[in-house]
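Visitor: Now for the letters of each chain:
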Amino acid sequence: MGLKEKVKDILLNRPDPKKISRGALVTMLQTFLQPARCFGTRSEKRFSLAAYRHGSKFFKGGRSVFTSLFTPIEIIYAFDFLPFPLEPLGALAASFGIATQLLEETEKRWLSSDFCSFHRAFLGACTLGLLPRPLFLMATSHACDGTMKSFSQVAHLVSKPLFFIDVPYGDQKEAVEYAAVQVQESVSEIESITGRRLRKEMLAKSFDYSNKMTALLSTIQDVRKASPPVVYGSETLNLLMVWAMFAGNRLGVRILESYRDEIQARIKRGFQDIAVGKRVLWLHLRPYFSGSIMSMLEEEFGAVIVAEEVNTPVKEYLEISNPWESIARKLLGQIWSGSIENRLKNIGRIIESHGIDGVVHFSHWGCRQSNGAVRMIRDTVAGYGIPFLELDGDCVDPRNYSEGQYRTRIEAFFEIMERR
Amino acid sequence: MKEKPIFTAYQKEIDRTSSKKIGLLCPYTVEELIDAAGFTPVRLIPHEPNMRFVDAYLPGTLCSYLRYVVDLGIAGELKGFRGLVINHSCDGARRTLDIFNTYIPDIPTFFVDIPKKNDPHAARYFKRELEKMKVYLQELSGVEITDSALVASIVRYNENRRLLQEIYDVRANNPGVMNAQELIRVLDLNSTGPKQTTNQMLSDLLSVSGLERKGKRVFVSGNIFDTLPLLEYIEECGGVVVGDDFCFGGRYFPVAVAENEAPLDALARRYLSRVPCGRMINFSERIDYVIEAVQKTMSAGVIYTSLKFCDNFLVDFPLFRERLDQLDIPSLFLESEYFSLRSGQVRTRVEAFLERL
Amino acid sequence: MYTAGIDIGSVSTEMVILENAEPCRRFIIQTGISSRTAAERLFSLLDEDGGVKQRDITHTVTTGYGRNAAGVGDRSVTELSCHARGAWAVNHAVRTVIDIGGQDSKVISVSPDGRSLDFIMNDKCAAGTGRFLEIIAKTLELEVAELGPLALQADRGVKISSMCAVFAESEVVSLRAEGHPREKIIRGIADSIASRISGMVHRVGLEPPVMLTGGVAKNSGVVLALREVLGVDILVPPDPEFIGALGAAHIAAEEALKS
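Residue numbers (this note's numbering), protein chains in the order written: chain A, -13 to 406; chain B, 3 to 359; chain C, 104 to 362.
The set of hints was computed from the structure by calculation and includes no laboratory data.
Take these hints with a grain of salt, some might be off.
Claimed, not checked - Dumping the calculated EDC-like pairs for lysine to aspartate or glutamate here, alpha-carbon to alpha-carbon at most 16 Å:
#, chain 1, residue 1, chain 2, residue 2
1, A, Lys159, B, Glu324
2, C, Lys227, A, Asp378
3, C, Lys287, C, Glu310
4, B, Lys310, A, Asp100
5, A, Lys94, B, Glu324
6, A, Lys301, A, Asp208
7, B, Lys129, A, Glu163
8, C, Lys227, A, Glu389
9, A, Lys159, B, Glu133
10, B, Lys129, A, Asp378
11, C, Lys361, A, Glu404
12, B, Lys134, A, Asp157
13, B, Lys134, A, Glu160
These numbers come from a predicted model, not from an experiment.
Model the full assembly from the supplied sequences, consistent with the hints where possible.
Guide: Take a look at the structure:
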């Protein structure tokens, strides 16, 4: 039985979180034994191993905390608990080829398929008993309405408390205050339900790691500005996962340092293995099930992704002298918070700094906060005189995927870039 | 069917007594502030099932109500409004706000954030939002909003809530007093006219009697639609609609604003305490409210409706269903675009559902 | 110099031959199940026709659904770029192209020099494609070619409420049973297609002059409905189903000159 089949079998036929942990261990060992050149970079192998190890500890339970993609997990690490972001579970399920089963499970229970498949996937996993019992859940209201809905339902299913940070609009004093007091109160409540006190020196360490990671992400984005690409965007899109899993953890620092060093080393020695015809900015996420649209774009057509908007670090440094407020500012500074302006400004900034030839937006089904902005993004990009491509699809649900349809669009987009 | 003269008369009266209009989309908009500033808060209600321009601005996989609102804006049909208030109702509303700010600048649009929680911190934050809204309205009208003007508006709105509650109670006991068409007309008039005038209308309506009407008692739950076709199908198929929890219907009037407190504090508290929308973290209180109402009105079944692409309401349905199933209350789930409740497919489902009751 | 453009669609395949960048031959066949044999059959037709032989052709570009599987040609280019180029070749002023083919529809924004600037495609849903008209023609027991003139006889159409082509079929049966005249029904279908297309046009941005290409352009009812819903004149070229192949042949000519 191949690796994928093994994992699938364990996950669907014998859904016991402890067994999954063992399954993850098997996968980890096999990954460990695979040579680095099977991965795009050595850093990718390193991250995969770290993610599996983390995942297997998480599935074992005992210290697990369910978090959302933008939860300030520095806090969770400072408590010495294990955070795991649920939305990426949808991505993982897709890459293991079990997303369809998870989604079908939710469809049986009247859950609307208008809803984002990332959320539906982890709801399905929860209903099927694939998730460990968490200590509690912690989520924020951004990037979308769906987060509160899905996390509330999971909390209800596992009968555990949800600590929810309602992130307001804007960055004015009262918005910062409102966000900060919620973070502070969540910490107090976590202390009281777990009986564990948050120690300041642990939080300071966590902040330190997080700040280092912010600086590293910034560097990684910067070094890719002018140089020819030395790594494919379909790999660097995963840096978002590094953040979501390890922000505030020493592992996160190590992994990003590894990426930074490897990218810089490749640039220095004149890495030639990526043939580039055009430089692309990729907006939002990508399909995680098997399918070749990313390699089609980057390898076949040589339209290489040199920047991803999801990896834009929020340049707010966490200060231990003012912890709740600085966390609040960081949440409010996200490009996904508030009005569309931050996002559009960021897109413009990247187009200018990275010599972008074309912009692609992956319009994930059900993602209204993002897809609702396409007209404005299109106009922003047009202002720079470069072409824009909107690809409709689903990041997690492989049904209704047609490679030929993507090929035509990507090819046509490349033709537009070519003939400018 | 030609409408009763009372409604035509009140439409005229509303037109006569309305002052400059401020448009709104969502019942979390604090209308009392708009009223106290001397404007008439008017809910935007699309009337024509005809989207002409919005595809260039918003995707088809987004709330059709908001798409209609944008379409009206782009088509220039909102010129009669002095301004528009958009709340942080949902992601769709966020993007609608951005579209108005970017492409329809001749209609001043003011944004009001809404917290998702109902606790003192949220109330304090919301109060600051209302303070900003007050300043904005004062600048727009050139008139100061005094505390006494605000309290007077609160009193008017509380009276409106009380009258609507009474109408709903009377109707639950005797569905004959007002049929579906009339109810929808009342709700539409009530949300598009000055409360001074519509309070009079509601008062007058309370004294009107109607024919006895019997039928299978149905409660309808939902958000924002052209619901009239659905309600008419229910009546045609032998049912009576004895209650609803629509945004501008059954969930519009519960919970009064405290009249003897500092008005902005009282308003912030009331609006966060109203029967919640699916966007609020205490959304399960809406399920409680519906079940209580179903039991109070002795409904035989619930029709749960939601706009397509509305995560806040669609994602709640499994929870609703679970509770309704536990209590053996039959339910029918209908999701639809804004105008699409008028269809043979909907009618068939309604008919089949009523046959089960 | 002779160049060729071959547009291999899912339903039909067209070939256009240019002699010194002027159209001199054109052929159309049913694609059948193999793109490769479709291309081969066309070249056989060319050779039989006399005059130009396959070996005379310096450069060939393939386009359409089967462009990569055809096994012929020097290069393949998407139908988006080819329709832009072909429409522009007919009329340099064209800025928006609407192509309604057998199984897909697209809107393309065209630059002043005939390049594609932006596009939107619908290849997921039959409503808004030629297939929809075929279904309806069959239901009403008519030939597809009869639909256009009949639609023009109605001053307005019956509103078709179904979004889906399959459901629209049963709706049409009910409407006939209720006694609605065929002209009004066909006109309603044309309005339905136009409304779908209009959504796509607005997403790309409506910039006149607008040209309609593809087989459905021969349906005068759809042309009229599009005129009404978009509020602009719609140019229809002679032989609209050849525009893709024409554009491919012109691109072939450009490439031949470069090398």
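Visitor: None of the hints should be skipped; say for each whether it holds.
Guide: Outcome of the hint check:
1. Between A/Lys159 and B/Glu324, the direct Cα distance comes to roughly 42 Å. Violation of the 16 Å bound is thereby established for this hinted pair.
2. In summary, the hint linking C/Lys227 to A/Asp378 is supported, as the alpha carbons are separated by about 11 Å, within the 16 Å threshold.
3. Our distance criterion of 16 Å between C-alpha atoms is broken by C/Lys287 and C/Glu310, whose separation comes to about 30 Å.
4. Restraint check for B/Lys310 and A/Asp100: the C-alpha separation of about 7 Å stays at or below 16 Å, so the hint holds.
5. For the hint pairing A/Lys94 with B/Glu324, the CA-to-CA distance comes to about 13 Å; that is within 16 Å, so the pair holds.
6. Of the supplied pair hints, the one linking A/Lys301 and A/Asp208 holds, its CA atoms being roughly 13 Å apart against a limit of 16 Å.
7. Restraint check for B/Lys129 and A/Glu163: satisfied, since their Cα atoms lie roughly 13 Å apart, inside the 16 Å limit.
8. Restraint check: the Cα-Cα separation between C/Lys227 and A/Glu389 comes to about 12 Å, which is no more than 16 Å; the hinted pair holds.
9. Taken as a hint, the A/Lys159 and B/Glu133 pair is honoured in the structure, with Cα atoms around 14 Å apart against an allowance of 16 Å.
10. Using a Cα cut-off of 16 Å, the hinted pair B/Lys129 and A/Asp378 is violated, with the two alpha carbons roughly 40 Å apart.
11. Of the supplied pair hints, the one linking C/Lys361 and A/Glu404 holds, its CA atoms being roughly 15 Å apart against a limit of 16 Å.
12. Restraint check: the Cα-Cα separation between B/Lys134 and A/Asp157 comes to about 15 Å, which is no more than 16 Å; the hinted pair holds.
13. In summary, the hint linking B/Lys134 to A/Glu160 is supported, as the alpha carbons are separated by about 11 Å, within the 16 Å threshold.
When the structure is compared with the earlier hints, violations turn up for hints 1, 3 and 10 and for no others.
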